[in-house]
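Residue numbers (the UniProt record's numbering), protein chains in the order written: chain A, 1 to 251; chain B, 1 to 480.
Check each hint, because a few of them may be wrong.
[To be verified] Straight-line alpha carbon distances no greater than 25 Å define the calculated SDA-like cross-link-like pairs of lysine to any residue that follow: (1) Lys125(A) with Gly450(B); (2) Lys94(A) with Gly426(B); (3) Lys94(A) with Glu476(B); (4) Lys424(B) with Arg50(A).
[To be verified] Example chain B residues on the side facing chain A (calculated, C-beta under 8 Å, incomplete): (5) Gln429; (6) Ile447; (7) Lys453.
Honestly, the hints are just simulated from the structure, not real lab data.
Since the model is a prediction, treat every value here as computed from it, not as a measurement.
For each residue, glycine too, the CB sits at the ideal point set by N, CA and C.
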Amino acid sequence: MLEIKDLHASVEGSEILKGITLTINPGEVHAIMGPNGAGKSTLSAVLAGRDGYEVTQGSITFEGRDLLEMEVEERAQAGMLMGFQYPVEIPGVKNIYLLKSALNAQRAARGEDEIPAPEFMKLVKEQLAFMKMDPSFLQRAVNEGFSGGEKKRNEILQMLVLQPKLALLDEIDSGLDIDAMKVVAEGVNSLRSADRAILMVTHYQRLLNHIAPDQVHVLINGRIARSGDRHLAEELEARGYEWVTEEESAA
Amino acid sequence: MATEAMEQLAQREYKQGFVTDIESDTVPPGLDESVIAFISHKKGEPQWMLDWRLEAYHQWLKMTSPSWAHLDYPPIDYQAISYYSAPKKPEDRPQSLDEVDPKLLETYEKLGIPLHERAALAGVAVDAVFDSVSVTTTFKEKLFDAGVIFCSISEAIRDYPELVQQYLGSVVPRGDNFFAALNSAVFTDGSFVYVPEGVTCPMELSTYFRINAANTGQFERTLIVCDKRSQVSYLEGCTAPQRDENQLHAAVVELVALEDAYIKYSTVQNWYPGDEEGRGGIYNFVTKRGDCRGDRSRISWTQVETGSAITWKYPSCLLRGTESKGEFYSVAVTNGRQQADTGTKMIHIGKDTSSTIVSKGIAAGRSNQSYRGLVKVSPRATGSRNFTQCDSLLIGDQCGAHTFPYQEIGNSRSTIEHEATTSKIGDDQLFYCQSRGISEEDAVSMIVNGFCKDVFQELPMEFAVEAEALLSVTLEGSVG
Chain A
1 MLEIKDLHAS
11 VEGSEILKGI
21 TLTINPGEVH
31 AIMGPNGAGK
41 STLSAVLAGR
51 DGYEVTQGSI
61 TFEGRDLLEM
71 EVEERAQAGM
81 LMGFQYPVEI
91 PGVKNIYLLK
101 SALNAQRAAR
111 GEDEIPAPEF
121 MKLVKEQLAF
131 MKMDPSFLQR
141 AVNEGFSGGE
151 KKRNEILQML
161 VLQPKLALLD
171 EIDSGLDIDA
181 MKVVAEGVNS
191 LRSADRAILM
201 VTHYQRLLNH
211 IAPDQVHVLI
221 NGRIARSGDR
231 HLAEELEARG
241 YEWVTEEESA
251 A
Chain B
1 MATEAMEQLA
11 QREYKQGFVT
21 DIESDTVPPG
31 LDESVIAFIS
41 HKKGEPQWML
51 DWRLEAYHQW
61 LKMTSPSWAH
71 LDYPPIDYQA
81 ISYYSAPKKP
91 EDRPQSLDEV
101 DPKLLETYEK
111 LGIPLHERAA
121 LAGVAVDAVF
131 DSVSVTTTFK
141 EKLFDAGVIF
151 CSISEAIRDY
161 PELVQQYLGS
171 VVPRGDNFFA
181 ALNSAVFTDG
191 SFVYVPEGVT
201 CPMELSTYFR
211 INAANTGQFE
221 RTLIVCDKRS
231 QVSYLEGCTA
241 PQRDENQLHA
251 AVVELVALED
261 AYIKYSTVQN
271 WYPGDEEGRG
281 GIYNFVTKRG
291 DCRGDRSRIS
301 WTQVETGSAI
311 TWKYPSCLLR
321 GTESKGEFYS
331 VAVTNGRQQA
341 DTGTKMIHIG
351 KDTSSTIVSK
361 GIAAGRSNQS
371 YRGLVKVSPR
381 ATGSRNFTQC
391 DSLLIGDQCG
401 AHTFPYQEIG
411 NSRSTIEHEA
421 TTSKIGDDQL
431 FYCQSRGISE
441 EDAVSMIVNG
451 FCKDVFQELP
461 MEFAVEAEAL
471 LSVTLEGSVG
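Hey, can you work out the whole structure from these sequences and the hints?
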């Protein structure tokens, strides 16, 4: 579904990603871990299509299409959705309005009609209840005055409504208390299916206690230093990143 | 010389009474008494009206153009303007939509204007397009049955002289300001509405219904009077772009609300803003004032301003009746090189009066706009309240937004609240919307419409939908 090959990327002239290769198939859940400064947020930004990141080498294909040639909105329309670490506030725009516009934009891109209002409301209310969010959320401005936990829940709510093929979760666990973490994790777990893939980027292992990954990759100094199953995450928790770093430099 | 000839002609007619059969359809540029006499004769006006105009003219001569607004434009040569031209004859107008500028039609399409209205808006000779007579007739009958008078100001001067004499200039006096004085001297078009005691006007009144006949005036004069316990909702303008050969527009609107009356006045203004450098755009200098003369009366101004090169406009309320209410809801959008200095005045004179001001300014491109508002509470207007909210939204980094709020509070038993914000549509907000699959243009209009929703919800339903579309069209290409 997603194929990253020898990806090199720079920010303001300095190279951050130094040759990442990664394949994610439908049904798989991957986690990318790594210490601060390893390039995790750069990788997320490049996948999302943010300005200011220059890909100098390598390729990314999403369902056979060249992702780097796609506009930001095209990526979402094609089924790749990013859950942000710091979702932005949009005063004046109601949450429900953003949800509906997003869903209809994606439907339009697939050549489908706009969703009928009753059907939309039913869908949203179900997912809202699942995320243990009050219906008043829908009438509030997008992320305005939301607590950290509310913002993250809102990101997952959008995923549940928009049903992407590939869900990217950028540090979705940061700033969450344990209860909020559980709700978010339940939301993500409910997204798991045979035809959907999930890629999580995280600093801490604790998220992986709630969302079990099929594969774990350790990103160090712009490269994937080691890949393994979920036990790799546990080992990292016990021994820290230095252990991998040392082995990396020894190799 | 042409002016001399005109003078002689005017004076001759002046002596002879009212001559409607004057062959010339325009007067040469310039303004003097003879031109005013010409206009007055052309309109078939009685002596008192001509005298009124001439008095205004003499006041105007002693006045100077105001310079306090945050606007930059070259001096206007008032002797270079022609002050009267008759509406275009049907044979001079486009005969079908095929003859209309395709770009204009494209805009109509984007605004969702119904097909049959597009022709009328584009100035197509109506007979050649559709029969509007039946619609207009039904409309007039309904109003007549309700006792509501709705006609052009010229007809009103002829047919309802007592009402016009009683109220014209009673809210905006002839010498109120430079542009109002000029308008009083030379106005040629506009509407008159009178809603009798206890009557709620059965439909929303719109200049739209007169658009076929009207070559929208350069100097419009509108007078709306609501008698005791009556109500009317009046819509001015339309979302379709309006071009005009006359660069200077100076309209006056007067509203009078007697006891328990309610006037809702909504405007959508989309005059030609000029080319990319602002050349050729309309200069719009408007005086709009409502007089809440009776106790518990209410006047509400709602405006969506997107056009014109220069906008100078402060719809105001005189709150004279006890417990009277004034409201001002405004969205002003400027793009390109547009300049707008707009706002309101709420003058609290009666006891327990209240006013609400919600102003939303959106500046894009290299435009500049200012909110200028006055809240004045007189010493005897105890128990008065005002709430002001004044927000600006900037798109890009070459535009400007300014706020000039003035407050003069004459007693200690009144409550004044003022809130103001300035924000910018951030790249990160657009990026967030795009990452959800929404295009940049749709994201801008979503954010802008969200910003304006407090005002849009005050607009009559149909207008609100058109206004949303209008904002998108106005801001097209303003990002990126």
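A quick look at each hint next to the structure:
1. Lys125(A) with Gly450(B): Cα-Cα ~22 Å, so holds.
2. Lys94(A) with Gly426(B): 17 Å, holds
3. Lys94(A) with Glu476(B): Given pair Lys94(A), Glu476(B) holds - Cα atoms ~22 Å apart, limit 25 Å.
4. Lys424(B) with Arg50(A): 19 Å, holds
5. Gln429: This interface hint holds because 5 Å falls under the 8 Å limit.
6. Ile447: 6 Å, holds
7. Lys453: Hint on Lys453(B): holds, closest Cβ of chain A at ~7 Å, below 8 Å.
No hint from the list above goes unmet by this structure.
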